[in-house]
Structure formats: C-alpha cells, structure tokens
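Enquirer: Protein sequence lines, in the order shown, are assigned to chains U and R.
Mapping the first sequence onto my numbering, position 83 (from 1) lands on 83, and the numbers just tick up by one.
Mapping the second sequence onto my numbering, position 393 (from 1) lands on 393, and the numbers just tick up by one.
Bear in mind the hints are in silico, worked out from the structure with no lab data behind them.
Careful, some of the hints might be misleading.
[Unchecked claim] Derived pair list, reagent style DSS-like, types lysine-lysine, alpha-carbon separation capped at 25 angstroms:
| hint | chain 1 | residue 1 | chain 2 | residue 2 |
| --- | --- | --- | --- | --- |
| 1 | U | K60 | R | K222 |
| 2 | R | K19 | U | K90 |
| 3 | U | K115 | U | K60 |
| 4 | U | K107 | R | K222 |
| 5 | R | K19 | U | K128 |
| 6 | U | K114 | R | K3 |
| 7 | U | K88 | U | K115 |
[Said to hold, decoys possible] Here are the simulated distance ranges between beta carbons:
| hint | chain 1 | residue 1 | chain 2 | residue 2 | range |
| --- | --- | --- | --- | --- | --- |
| 8 | U | A269 | R | Y417 | 50 to 58 angstroms |
| 9 | U | S24 | R | E387 | 21 to 29 angstroms |
| 10 | U | S9 | R | K428 | 38 to 46 angstroms |
| 11 | U | S9 | R | K431 | 42 to 50 angstroms |
| 12 | U | S9 | R | I304 | 33 to 41 angstroms |
| 13 | R | N327 | U | E249 | 57 to 65 angstroms |
| 14 | R | D326 | U | N13 | 20 to 28 angstroms |
| 15 | R | I304 | U | N64 | 17 to 25 angstroms |
| 16 | U | R74 | R | E387 | 48 to 56 angstroms |
| 17 | U | K177 | R | I304 | 52 to 60 angstroms |
| 18 | U | K177 | R | D326 | 32 to 40 angstroms |
| 19 | U | R74 | R | D357 | 52 to 60 angstroms |
Don't be surprised by glycine CBs; every beta carbon is placed ideally from N, CA and C.
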Amino acid sequence: MKNLLTIDSVSKNFGSFTALNNVSINIPEGCIYGLLGPNGAGKTTLIRIINQISLPDTGKVFFNDQELNASHIRQIGYLPEERGLYPKMKIGEQAIYLAQLKGMDRKTARIELKKWFEKFEISDWWNKKVTELSKGMAQKVQFIVTVLHKPKLLIFDEPFSGFDPINANLIKDEILKLNKEGATVIFSTHRMESVEELCENIALINNSNKILDGNLDKIKKDFKTNTFEVAVNSPNAKNLESKLKSEYETFAPTFRTIGDNLKMNIRLASSQNSEKLISLLNSNSQLIHFKEVIPNVNEIFINSVQND
Amino acid sequence: MEKFLIITSREYLNKITNKTFILSTLFTPLILVGLIFLIGWFASVNNDQVSNVSVVDNSGYIFDKLESTESIRYVQLEDFDLEEAKLISKTKSDFGLLFIENSESPKEIAETITFYSEDAPSLTVIGNIENQLENILTNKNYKINDIDINKINSNKVYVSLYQETFQGKKTTKADSFVGLLFGMFLAFLLYMLIFAYGGMIMASVIEEKSSRIIEVIVSSVKPFYLISGKIVGTSLAGITQFIVWGVLFYGFSFFISTTFGITSSYDNNEFMLAAESSAISDASLNMLSSFFNLPLANILIAFIFYFIGGYFLFSSMFAAIGAAVDNQTDAQQLLLPITFIVIIALYVGIFTAENPDGIVSVIFSMIPFTSPIVMMMRIPNGVPISEQIISLLILYLTVILIIWIAAKIYRIGILMYGKKPSYKELIKWLKY
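Chain R on its own, in the form it takes in the complex (with noise of 0.2 angstroms):
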C-alpha cells in the first residue's frame, strides 16, 4: 500500500510537472476560448453583411408588402425587361434579382416567380423570400375569395403540449432538448477523458519498458501496484487539468467579453433555439429552468460512478496493450478493438439521441463496453434508477474481470521483448 502511494505520487508529479503537460494544460482553453470568439465574430461579421435583393414587380402589390430584414433589403427595379433587369442586378453586384410576373391567379405567380443569384443562396435568404411570398399571397387569395382574414386568425388555434412524467414532474420540450445536449456533453467527455488518459498510461507503459528501467522496478513492487499506481496517478492528474482548464476557461471568457464586448457563440446558440419560443428571454429562462429540472444528482452520480468504470474498463486494456508491444506504432494495431468498440457507443448514441428508451438504446446501455457512454447520453431524460443499478454492477463486474486479464498480460508482456505479439499469444499468455 505504501509503494502504491510512492507510484502514484510519482506518476502524478511527473505528469503535472512535464512541460508539454503544462502547455497543453495553459493553452488548450486559450486556444479553446479563441476559437469559440473567433467563431461567434465571424457569424456577427457575417451577419452584418446586408444582402440587396431587387425585385422587378409586375403584379404591382407583392414588392409593397415584403419587408427587408437585417440582412436582406428588398429594393424595386420599375418597369424593366427580365433580361434588362438581370444586366442592372448584375452591375450593382446584388445577391440577388427576384423577378415577379404578373397573373390574375396568385396561384399562377406563385409559379412563375423565379429567383436569380451569382452562386446558390443560402437556405436562410430562400426560406425568409419564400415565407414572405406564400403570407402575401395566400392573403390576396383570401381576398379574392372574400375569406375573412381576421376571422380566420381570430380562430386558428396554437397547440403546445403540457407534458408530465408519470410520476408526476412537469417537462417541457425544452426539457427533453436541453437533457440530449447534456447527455451528449457528458459523454463526449466521458470519451474524451476516458481516451486522453489511457493513452497516456499506455505511453507510460512503453517508456518503462522501452527504457528497460521495468524490471528494476517490478523486482521492488508487484505489477499489480505499479499500474494501478499508474492508472490512479494519470487520473489524478487528468482531474488536476480539468480543474485548471475550468478555471481558465472561465477566467478567459470573462476577461474577453468583459475588455472586448464580443459576445461568444453560446449566444448565438440560444438565439437560434429562441427561434422556436416567442421570445428570447423566455426561451433563456426556460432553459435554465429545463437545466435544473433534470434529475442532476442522479446525473452527477452516475457520471462520477460511469467515469470510474469506464476509465479503469478501458485504461487497464491501454495499460496491457502498451506491455504487450515495444513501441507506440506497434500498439495501433492492438487499439484497433478498442477503437471500433467506441466508435459503435458513439453511433448507437445517434440512436440514443433520437429516442433514449429504445431498444437498441437500453441494450447497448447494459454492455459493459459502451455502457458509460450510452447511459450517459440516456440519463439527462430519466432512466429508472433499478436499470442503472444493473448496468454498472455489469460493468464493474467486467471492470473486475478485464483488469484481471490485462494484469496478466502487464504482467508477461512487460518483460518479453522483441516481436510484437498477436492476439493469439496474448491469450497464450494468461495461461503462463
């Protein structure tokens, strides 16, 4: 116990203290936070850009009522030819020429209205032209017919759903939107954290035995203690830069838009999902409110609980690839297993998204391989706590048994040298 305390002080302080670590750990949320401004100005520099758009109206009623929006001025050309009109367009260098022709029937302008652009315009600008167009229209329709327009918006009726659990909370659209995002959040970390550390144990693993300094060691302590050492050390060190990277992050963000006013990107994020509410401090408000009617604990705990599985799962078959061979190109090969499994959790997270209490779903969030993942993408819209029991003492029953079998493999493959091993031999090698 006290050599294991000794290896994991040593592998934390020589993680914490190397300098691409370090770097890595200052920079990557500068680096991180640059990107995310360097974003949001390029979207408000983007949408600063008005967008001419000259309309040649031969009806003589539509170009009156479209009305120009932030980005897309309406601007008439009067009393010109299709072929005149595109040749003026064109010298003005507009985004656009929107050509009406003229009909008794709103129907048959409909069809014939045409638009004309240098390059294919975005979706935005063709749905803003086409909304704008079918209101107009469908009112002239109206009239035509002697439909009361008020009387029909005085009786059309708005459906939101009021939704409840069973058990009796309230949730909302919002709810399930906000519960995906973070369910994806976490377990993009979770892959991330999970992968970012066991690749390190796995470099630590080949250092030591490329730098022969292995048996030196393990004639002083048992293999068992110098990687679970090993694993405990990176993993204090990963939580150690997350924590920094949190606080600068934060720190970061607060100095740039405090100094520079720039707004970052989240803002632009909630402005688009805004689009679906009314307005946009309620579909602020409502998101924070759907944030914490999430079942956080539950989600905290299963997290930290996931976290732990999932990173002794897959660090303990980093740390036995990395005894099995010589060298890091060696070991791509031996990933390749690992990388397929994640690949799988990551896709069957697609399926998780669309709809988290799928049958495909709550399998894959039974396997013990992409347990941690899949459940994690699930929890946020609930998960019925006796399932999560079940899914993590699978998975720590797996835990068990797989860091049996790579300390075998540690075990042998630290002291064999030469040629890269197949998986046939591994196997060999737990019967030694």
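Chain U extracted, bound-state conformation (with noise of 0.2 angstroms):
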C-alpha cells in the first residue's frame, strides 16, 4: 500500500534534551494510525514536525512522496491536545477564520460551516462566544475547524477528552466516516480501547525512540504466547488437571466461565499443537471454554515500555 506520509530518521533535540531519536514511521494511506506511548515521549514533537510547527533537527519527512513544505498545511488536519478558541471571538466568525488561514475562501467556508453546524444541531451558536458555551461544545466546534477543509490528512491528540460517552461517540463515527471517504488518520491517544477499536497500523514511542510499529494484528500475532484459556466439566477433573499438568505448561486462569469444574490457563511450547490438547480435553469431558489469549494494546504497551 502506498504510504501517505514518510517520516525518515528524524531526530530532534531540545538543548541538551533528546525529544526525538531517529524516528522512523511509515503512514499507509487510508488507514487509521496509532500513535501511542507514555507521557513525556515525544509524541506531541512528532506532531509538530508533522505539522511544521517545529522543524527537524535531522531527517526529512515525506507527504505524498514529497518532501514536506508549505502546500501541504493545507492538506493537513489538526486537533491538537492543548486547543481552545478566542474566548471573545463569535463561534461562526472565527470558524470562517481559521478555515480562512487554512486556504479555504470565505463563502466556501460559510457553506461548509452551515452544512457541519446543522450535522450537528449547533447551528444556533454561530453568533455566541465561546465563553457562552460549555467545554464539550467548544469541542464540537473545534472538531469541525479540524476537519472542515478537508485534509487528507487528520491529527487527532486525545479527540475525546472533553466528551460525554454520548458525543465520543458521534464524533468517532465522523472520523470513521471521513477515514471511509478517504481520509488518512493518526490518533494520538491513551486510551486503549480506542485504539483496539479504530486503529489498523500503531506505532509505539518511548523516552523518544520508535520501539515498535507496524500492522496491529502482526504486532499481536508476534506478541502472541501461544497461550489458550481453557475450561471443562469433567468427571474426573482431578485426573485431567494433573495430566494436564504434566505435559503442558500451566497457569492460574485469567477468565470468567460457569459451569465448569476445572479451567486453567495453557502454554504450547513450540512443539505442541492446539488439536492435540482439544482432542484431550474433549475425551470424557465437556469442553465448555476454549479461546486463544490474543494480548490487547494495553498489554502490549505496558509490557514494551517496561522492557525497553
């Protein structure tokens, strides 16, 4: 697949501080990007350099095989972590600003902005100030200034912090909508549940180097043990545990089931296959729980980091 966005060993430093070592990540086009780790990374530098806000030190970044300049502000979409909007500005004018400074003309502007503002029911705030409006409705606004020109290229930094489950929602069903259309999208984000649901490719960064990228199902299928939940009801439980036992390593379950009367956690060793434990299981037993322990992001993320 044709990457939208090339970032090539970049580095960047602060002083003596190192907020970027050698980055390098490709951004396939049309997926939905993860860019994740913990605070202090040097996630939010990448952005800018994205971004052009900052520039950097070494290594050069491609946007659609060129290198990145001026033109392609246009085509980029930004919702930064830290954003707000001029407390005394009105909602519509200062919609049409910012669309303005991102190459949008202001009848365009005004159109688009009507059509987003009625999606939304908020088209009875275009004359209000932001001071009038509580913080998930700023959001909205500042949701609909990120993606009104629409870039092909969207930034979300923590896109549903400051929203009811309700409006979390609806906004994650636009991104969705816009990646469908064709947009590109990298969400920066601590909340794994999101990225297990949106993401297709992540990229991990920790003290300001990439410790892992790539497809999301491949990064689970390496992180992967080989490990299966298992749970019977067996008239000889006592008997299959210690068989078990014996030629499998074995763990305390991790898992929820009723109905069972012996559950534990298996470990295959390379050797060993998966139909060889079923058939055990299943002999003179009723197989009740059987699944794969696939790792989530959270876990991948928290054990990578401790690793590293």
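Each chain sits in its own coordinate frame; assemble them with the hints.
Expert: Structure, rendered in structure tokens:
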C-alpha cells in the first residue's frame, strides 16, 4: 500500500534534551494509525514536526512522496491536545477565520460550516461567544474546524477527552466516516480501548525512540504467547488436571466462565499444537471454554515500555 | 502573504470592534477636552479673585505710586501702628499687610519693608510687590541724588539678538522654544503610541497562548506571519484611533468654545509666553512663524521613520515577552528592562531640551533603543541629515536583529506552558 506520510530518521533536540531520536515511521494512505507512548515520550514533538510547527534537526518527512513543505499545510487537519478558541470572538466568525487560514475562501467556508453546524445541531451557536459554551460544545466546534477543509491527513491528539460518551461516539462515527471517504487518520491517545477499536496500524514511542510499529494484527501475532484459556466440565477433573499439568505449562485462569469444574491457562511449547490439546480436553469431558489469549494493546503497551 | 492579510484584517477588525477600544476611543478626547477646559476655568476663576493688600505707608510717597493690578488691589490704612494694622487687616480678611517704615534713605526703607499674610503668598504676588517697590525706591534714589531719570531712560539700550543659522536661515529665541516644545510633544507622542500598542500586542499574544488556540493557528500559519500580522493590524487600529481622536478633539473643542465661550488653557499658555515679548498679538504671530520656520518636512519624515522603527523594535519585544509568559502578571518582571530603557530615553530627553547638540544627546540619538525619542527632540532645532541617516540605519539594523531574536523566542514561547522562564532560559531558546 502507498504511504501517505513517511517519517525518515527524524531527530529533534531541545538544548541537551533529546525529544526524538532517529524515528522512522510509515503511514499508509487511508489507514487509521495509532501513535502511542507514555507522557513525554515525544509524540507531540513528532506531531508538531508533521504539522511544520517545528522543524526536525535531522531527518526528513515526506507527504505523498514530496518533501514536506508549506503547500501541504492545507492538506492536514490537526486537533491538538491543548486546544482552545478565541474567548471573545463569535463562533461562526472564528470558524471562518480558522478555515481561511487553512486556505479556504470565505464563501466556501461559510457554506461548509453551515452544513456541519446543522449536522451537529448547533446552528444556533453561530453568533455565540466561546465563553457562553460548555467545554464539550467548544470541542465540537474545534472538531468541525479541524476537518472542515477536507484534509487528506487528519491528526487527532486525544480527540475524545472532554466529551461525554454520547458525543464521543458521535465524533468517533464522524472520524470513521471521514476515513471511509479517503482521509488518513493519525490518533495519538492513551485510551487503549479506542486504539483497539479503531486503529489498523500503530507505532509505539518511548523515551524519544520508536520501539514498535506496524500492522496491529501482526504485532498482536508477534506478541501472543501460544496461551489458551480452557475450561471443562469433567467427571474426573483431578485426573485431567494432573495430566494437563504434566504435559503442558499451565497457569492460573484469567477468565470467567460458569458450569465448569476445571479451568486454567495453558501455554503451548513450540513443539506442541492445539489440536492435540483439544482432543485431550474433549475426551471424557465436556468442553466449556477454549480461547487463544491474544494480547490487547494495553498489554503490548505496558510490556514494551517496561522492557524497553 | 495572503494569510498575513487575513491575520492583519482579523487583528484590525477585532481591535476596532472591541467594546473597551470603542469606549476609550470615544471618551478619551471628551475627558481630555473636559479636563483642559476645567483647568482653563479654574485658572480664570483663580485670576478673577482680587486680593486686597492693606498698606501702612509711613514714608508718605510710596503708596501713591503703587498701582493696583487685576489681581492685587492696594488699600491704604492711615496712621496705625503695626499691631493695630495687623488686627484690622486680619478682620478685613485681607490677602496681606504691607508695612513700610519711614526713613530718609530709600535703601533703609527697602531693608525694613515687611509683608504680613495668613499663608505663604504666591510668588507672582510677591514678585509684583517687589518689582513695584524696587522701581519706586530706585526712582526716589535718583531724585535724591539729582540724577535725571529721563536721561537714564533715554540712554538705556535694549538688546534682542538677531539670529541666523550658517545656512542663512533666520531664527529667533521663540524658534528654539517652539522647536523644543514641538520636539517634546512628538517624543511624548511616540512614547505613548509605542507603549499603548505594544501593550495591546502583548495582551493579544498572551490571550492566544492562555486560550490555547495558538497551536491550532501555528499549524496553519508560520508564527512569523502571525506575529507580523498582529503587529501591523494593531498599528492600523492605533492609527484609526488617533485619527478619530484628532477629529473628535477638534470637534469638541470647537463645540465647547463656541457654545460656552470659554477659552481653553492654550490661550493661557500663549499669554505666559507673551509676557516675554512686548505685545500679545506679536507673540502669537511670532509663535506661528516660528512654527513654520521649523524644518517641518524633515520632522514629518523623521517622525514616520522613527515611529515605524521604534514601533517595530518595541512591539516585537513586547510580543516575545507575551509569548514567554502565561499571564499578564508574569510579564511585569520581564518588562522591567524595557521600562528602564524608556526612562533613560526620557531622562536624556531632559538634557536634550537644554542642549540639543550636547554630547550625551548626540550619543543617545544614535543608540537604537533611545534614538526615536531623543532624535525627535533634537530634529526641530536642526540635525544634519547625515546624522539622521546614520541613526536610522543603526535603528533599522537593530530592528531586524531584534525581530529575529523576538521571533525565535516567540516561536518557542507560544508552545511552552508552566513556569515563567528566566532570562537565561530565554537565551537558551535562541539555540533551539
């Protein structure tokens, strides 16, 4: 797949502090990309470099195979984590202003804005000032301003913070819709469940270094340990248990079931396969639960950061 | 460039539609004009009051020659001794009592004349009394010694130097005075403009930073365009404000002086100046011609160039400071050096007023941070064009340097939150 954004060996220092150390990331066109990392890892610095707010010390960034330049600004929409609006300016006017700065003309901006305002049912806010709105309301306006100029690349830094679940869902649906229409999306977030739900690809940054990147399914495959959750209802549970323990590496169960009398986690060695395990479990007993343990993003995140 | 215009027009429109801005634009001249007329009114009320001065004249010839003026009326108290006279004067609530002892010699009289009053009298009253007594007693002395007063008067020579510059331009004492006054006015105007609008720019930078909209904006435009749009937009708003003020000020003055017939205190100033010259109309005429004797074209051009240079110099510093801090309170400390610079410039301005071509004034009219103020005070009295060009060159080169530094601090500062940076940290930012 073609890469929309290629970050090539980018480093950035602030005085003696290294914010990014030789980071390379490829972001395929049309995907939803999760940019993960603990606080202070360098995510915001990287996002600012993509937005041309700051320049890398070394390394290059390519947008659509072109080296990043001022003409790309209008193809990027950025919703920063620290966001705000002019407190004393009317909502409509300021949305038009921000759209103009992205290169839209006044007329188109107004037409597009009206559409979005209607969609979000906030048309009567047009002449209000930010100080009259709640935080969640202002966030809606900011979201609209970010996506209004139909950018090819959307960058969201913690997009759901400050939204109630209903509005967070509304925003999530809009992001998915924009993605379906062709926009590439970069997510920077701590909320692993939304990464799990939305992202096809991720990169993990820790201590200024990229420690992991690629397709999320592939990463999960790499991280899985061949461990299975098993639960059976057996007339001879004790026997089965000792047999399993002698043949396999077993652990205490990490799941919930009902109607069983024996459950555990079993890790297969590389010489063992799951068919044999299943037939063993099936003989003389009723198989209640059998599931491969697939690491979630949260576990991958914590594991990688701790091992780094 | 297009974005620069968008930003400039937003900054401009945002300023001039701001309620505080509109109110201050409309009411400042009203208040100012009101104040001027109030002062004028107070002054005229003050002058209308006639002070009675009781005189006990034991010499027999002094009182007859004392001339009452508009503000002082001399009243004779005959044949009273000092204590009685004091009592009478006090009960009449006189302004004061002038007690003259008798003596053969005017000199002795002069030494013993005493003025009694409730409070310390004003210098003008004392001056008037002293002048009159001096004349009367001197003339008496001439008479006693048989000196012909007419002869003395006719032999007196008055000197008023006829002045001309080496270039053949006529100047007068009034010329230097008007030049000085005009220079001070311009320097003050420059200072006010720079600080008022510099402050606005700083406030607007802080607003963008504290409302956290800044990151969205700098992801769309280069910080340099943002800050230059801000500086230019604010200066346009300032110019608008000044034009409105000019029109309103003129309108109000005209309205008030025609409706109420009160003269503003300008006339009082002119009156004071006129005291130096022989007649009032002459003085006004002199002032007017002095004004047109000034190198007006040079002044105007220099004012524009120094205003632009000084404005960009200081407003970029204000912008950098605004970007470095999170709120107005933190800004005060960082503003201190700028305040010092301006105080030094105004202080040197005082030297300049005394001696426009003194070595201190010449040096400070070359130093970029003080040159807009000091040079504007020098130019009305004539400064060689070459000197002005060198000074402007230094100023503009410094402006470029300061804008470069300020832009760096601004670029880093707008995205830095948390603690207030020290100067050391600000310098470190330049290396990022």
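Enquirer: Looking back at the numbered hints, which does the structure fail to meet, lowest number first?
Expert: 3, 9, 10, 11, 12, 15
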